[in-house]
Amino acid sequence: MISLLILVVVVLLGVAIWQLTKIFDLTQIGNSNASQDASEVANEKDNNIQGYLMFGFLAFIYVFTIYSCIAWGHFPLLSDAASEHGATVDNLMIITFVIIGLVQILTQGLLHYFAFASRGIKGRKAFYFADNDRLEFMWTIIPVIVLAGLILYGLYGWTNIMFVDEEEDVMYVEVYAKQFGWEVRYAGEDNVLGKANIRFIEGVNTTGVDMSDPNAADDIPASELHLPVGKKVVFKIRSQDVLHSVYMPHFRAQMNAVPGMVTQFAFTPITTTEQMRENRDIVNKVANINKLRAEKSAATGVALDPYVFDYLVLCNKICGASHYNMQMKVVVETEAEFKAWLKGQKSLKTAIAAATEKPADAEVAQPETAAPAQDAPVVVLDSTAVVAQIVK
Amino acid sequence: MSAVGHELSHDHAHDHHHKETFVTKYLFSMDHKMIAKQFLITGIFMGIIGIVMSLLFRMQIAWPEESFGIFKFLLGDKMAPGGVMKNDAYLALVTIHGTIMVFFVLTAGLSGTFSNLLIPLQIGARDMASGFMNMLSYWLFFIACVIMISSLFVESGPASAGWTIYPPLSAVPQAIPGSGTGMTLWLVSMAIFIVQSTMGSLNYIVTVLNLRTKGMTMTRLPLTIWTLWVTAIIGVVSFPVLFAAALLLVFDRSFGTSFFLSDIFIAGEVLHYQGGSPVLFEHLFWFLGHPEVYIVILPAMGLVSEILATNSRKPIFGYRAMITSVLAIAFLSTIVWGHHMFVSGMNPFLGSVFTFTTLLIAIPSAVKAFNWITTIWKGNLQMNPAMLFSIGFVSTFITGGLTGIVLGDSTLDINVHDTYFVIAHFHLVMGISALYGMFAGIYHWFPKMYGKMMNKNLGYVHFWVTAISAYGVFFPMHFIGLAGLPRRYYTNSAFPLFDEMVNVNIVITVFALVGAAFQLVFLWNFFYSIFYGKKATQNPWRSTTLEWTTPVEHIHGNWPGEIPEVHRWPYDYSKPGHDDDFVMQHVPMKPGEEQLHH
Chain G
995 MISLLILVVV
1005 VLLGVAIWQL
1015 TKIFDLTQIG
1025 NSNASQDASE
1035 VANEKDNNIQ
1045 GYLMFGFLAF
1055 IYVFTIYSCI
1065 AWGHFPLLSD
1075 AASEHGATVD
1085 NLMIITFVII
1095 GLVQILTQGL
1105 LHYFAFASRG
1115 IKGRKAFYFA
1125 DNDRLEFMWT
1135 IIPVIVLAGL
1145 ILYGLYGWTN
1155 IMFVDEEEDV
1165 MYVEVYAKQF
1175 GWEVRYAGED
1185 NVLGKANIRF
1195 IEGVNTTGVD
1205 MSDPNAADDI
1215 PASELHLPVG
1225 KKVVFKIRSQ
1235 DVLHSVYMPH
1245 FRAQMNAVPG
1255 MVTQFAFTPI
1265 TTTEQMRENR
1275 DIVNKVANIN
1285 KLRAEKSAAT
1295 GVALDPYVFD
1305 YLVLCNKICG
1315 ASHYNMQMKV
1325 VVETEAEFKA
1335 WLKGQKSLKT
1345 AIAAATEKPA
1355 DAEVAQPETA
1365 APAQDAPVVV
1375 LDSTAVVAQI
1385 VK
Chain X
84 MSAVGHELSH
94 DHAHDHHHKE
104 TFVTKYLFSM
114 DHKMIAKQFL
124 ITGIFMGIIG
134 IVMSLLFRMQ
144 IAWPEESFGI
154 FKFLLGDKMA
164 PGGVMKNDAY
174 LALVTIHGTI
184 MVFFVLTAGL
194 SGTFSNLLIP
204 LQIGARDMAS
214 GFMNMLSYWL
224 FFIACVIMIS
234 SLFVESGPAS
244 AGWTIYPPLS
254 AVPQAIPGSG
264 TGMTLWLVSM
274 AIFIVQSTMG
284 SLNYIVTVLN
294 LRTKGMTMTR
304 LPLTIWTLWV
314 TAIIGVVSFP
324 VLFAAALLLV
334 FDRSFGTSFF
344 LSDIFIAGEV
354 LHYQGGSPVL
364 FEHLFWFLGH
374 PEVYIVILPA
384 MGLVSEILAT
394 NSRKPIFGYR
404 AMITSVLAIA
414 FLSTIVWGHH
424 MFVSGMNPFL
434 GSVFTFTTLL
444 IAIPSAVKAF
454 NWITTIWKGN
464 LQMNPAMLFS
474 IGFVSTFITG
484 GLTGIVLGDS
494 TLDINVHDTY
504 FVIAHFHLVM
514 GISALYGMFA
524 GIYHWFPKMY
534 GKMMNKNLGY
544 VHFWVTAISA
554 YGVFFPMHFI
564 GLAGLPRRYY
574 TNSAFPLFDE
584 MVNVNIVITV
594 FALVGAAFQL
604 VFLWNFFYSI
614 FYGKKATQNP
624 WRSTTLEWTT
634 PVEHIHGNWP
644 GEIPEVHRWP
654 YDYSKPGHDD
664 DFVMQHVPMK
674 PGEEQLHH
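Residue numbers (the numbering used here), protein chains in the order written: chain G, 995 to 1386; chain X, 84 to 681.
Simulated from the structure, these hints should not be mistaken for lab results. Note that beta-carbon positions come from the ideal geometry of N, C-alpha and C, so glycine has one too. Be a bit skeptical, because a hint or two may be false.
Partial list, derived from the structure: chain G residues whose beta carbon lies under 10 Å from chain X [to be verified]:
1) Pro1137
2) Gly1202
3) Pro1222
Among the chain G residues that face chain X by a calculated CB cut under 7 Å, a handful are [what the hints assert, rightly or not]:
4) Leu1104
5) Gly1117
6) Ala1120
7) Val1236
8) Pro1253
9) Ala1315
10) Asn1319
Isolated chain G (complex conformation) (with noise of 0.2 Å):
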């Protein structure tokens, strides 16, 4: 259906275009004793129409960027962050923002009401003006400031967020990535994460872990994202494969993956999960996707489910054919509710165990160390289904 009406469209297009270069012609015709029209250069009429219109677009830029505004301003996530550091990016994306939209807003203004005001009249001479050095002194100085002034406080905020503290009481956590999937890696009691390289990456211990190391014996694997509400956080991230990016735009948050290398990001969860489904910035969000949801549901004929509010870590580095639905929830719950779920969860060691001491399943495991590229997609269909469960 869609694809008629395309080709409707480009079919009068093709149509509008023949006809207009029909009709030009024609007043070609007409004006050919005119030697001014005959020339193709413009003239006074083109001048005075064309100054109109550029008075037309300076409206249309302001209009469009006015709607944009109503209609879509509710999407940009500029406020609200989940994180500590967050605040300080909102801060200066707003101050950034006021700037260069009052920027925008005088230039466009200017420079298309010159172009109106200054269109040519026959006979008239413009006004010679090469350089005037106070104006463009002018002009240099005042960005130099204002520049300055969103460097020093970018600067500031770039250090806070990047140079962490290692004195602080800070809780370590890796981040794990590979075609199309993440899993996490808790340090455990030591809160020192073990020793890590891909080449030890056998059966369950699908991340590598170096099990000769003993800071790895306490070592806690998980395929979702739990973190302690107010506690920093320091994530050491890694990637068995090509580049991904762990990004966790609620926190204000994103470092690449790489290969052969561990980098880092920490921040401090400061909302819980359970929080911010309160927000009624998110509550508005999710009643207004969950209308959409089901406007389609009802358009297709296939049974959507509802959509529930979960922090989200994304890949935003293109790794490959499913780079666009590699997901993982993440959970941040307070400090008692953060204790009973990583009890729940089995340490590596005894996963290696229980894996080894069934040698029929060990058998199995080892040639299928391909499995988990494979099975990725199936690990985000798993949080889907926790989507669903939580709506149950």
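Assemble chain X onto chain G, guided by the hints.
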């Protein structure tokens, strides 16, 4: 080759014409004007491919996994079984779209065309310093195009690791099918492209330095020449670095080295690579990649400066400030590449340094924008299509440039890096702006290239629909980018979080389809006017620069007699004390006439 030898044996004496065959005149021509046209038409052809690709993937995003007859027709059963685009076909399309538009259209098509056309004509030279190298440069470009296009037809599909071809995705065929033969062809094509670009750039630099006519001092050069010359210098400095990176990537892919690869476990096996780093590749890539955006935009800036002054009938405001800011931009462009890598895992201290240098670029950019606005203030604007595109250029350059302040700030980049916000930013500031510059240049210098005029009314229609569509396509992207929507997603339907944005994506795609459809108006106008356009006069826009002193009919050597001598700067429009509102560069100063600019 005998034809080439024949050509070379002649000096550029213009007074005796030798017989040119079809081959020496249209194919293996060493005349810069013909080579410019060859670059332009090849660029337009590549542009059509690049734009059609963008329409295909925009349709997929707006109506995900919908079946379209056009997909089946253009992509075939393998990439679009049953007319539904496959996910790796989507990635292949975005990759090749980016590569074609950035390198083949906006680098070779824009700077290749106008450097060749304008440098000898505007500085008063009979041809390029080396006509043979110039010809070689075009034909290597042609070969690069052929290889790039042929990569679309290989069994495992074209390169699909993004136009930035970050390894390991681009190095390991197990990671994505496009990293097999498709990627090899991509690298070969780009290597040849870089060779042609370097040849061209060296030629431009040498020509500007050595072949200026008498009186044409550096401070009497039109801004077009300044920008094209600086562009060539940036190209020579940065393109070879990409060549090195491509070469090392070839070694990693084919000869088992580990420059960019380490510790990879894929498809169930550990690969032998150890000790390399993908971040190194990112550094090498962006050491070209960032100057590249200035290679794209500077020529457009030059063309626009020239056209704004001519059509405003006013000198360009702050000629020296414009030159200084071009030089400042050129210098800064080579020390800001790291702002593409704030979250790549490099040392955060470097992030601070690159934030600082990046935001500095806003200063010369602001100076340029204000100077352009002042140039049209109190002018006597002749609204030719080229002028409209130039004003449009300033408009999109401002809109797109301002969001650069967000992306260049490492703190803010964390949350918008690689989202649609980036797409909106760079498409406006370098994609659309550079295209506008290119269109402006074509409308303005078409009479010089073909001796004919393009239809102005079709030009107006072309501009206004393009201008509205461009904002319609890219402005909404800011909003979905700020909402956290990552780029290069085959569909946004995998996340209920993004369901809200479905309608915006449809709006964007409809604007894109309409905008692209109206480029047919341009194509029609361009090709129709070549053959049936009105005959041009010698100086239709009443411009001051030397190219308008050459005869309308192209001749080898450009000027039938002596090369004119230059007596003044190129922006004496509406100068007090003259009857006409322009004084050409070769007109001597009147007795007692003073220079009114500095």
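- Query: Does G:Pro1253 pass the interface hint, meaning its C-beta sits closer than 7 Å to a C-beta of chain X?
  - Reply: holds (5 Å)
- Regarding the hint that G:Gly1117 lies at the interface with chain X, is the smallest CB-CB distance below 7 Å? violated (9 Å)
- Minimum Cβ distance from G:Asn1319 to chain X below 7 Å? holds (4 Å)
- Query: For the hint on G:Pro1137, does the least C-beta distance to chain X fall short of 10 Å?
  - Reply: holds (4 Å)
- Query: For the hint on G:Gly1202, does the least C-beta distance to chain X fall short of 10 Å?
  - Reply: G:Gly1202 check passes; min Cβ-Cβ to chain X is 7 Å, inside 10 Å.
- Using 7 Å as the Cβ threshold, decide whether G:Ala1315 counts as touching chain X. holds (5 Å)
- Item | Interface hint for G:Pro1222, Cβ within 10 Å of any Cβ on chain X | violated (22 Å)
- Query: Measuring from the C-beta of G:Ala1120 to each C-beta in chain X, is the shortest one below 7 Å?
  - Reply: holds (4 Å)
- G:Val1236 as chain X interface residue, shortest Cβ-Cβ below 7 Å: Result: holds, 4 Å to nearest chain X Cβ.
- Message: G:Leu1104 was flagged as interface toward chain X. Is the shortest Cβ-Cβ separation under 7 Å?
- Response: With a minimum Cβ separation of about 5 Å from chain X (threshold 7 Å), the hint on G:Leu1104 holds.
Hint violations for this structure: numbers 3, 5, all remaining hints satisfied.
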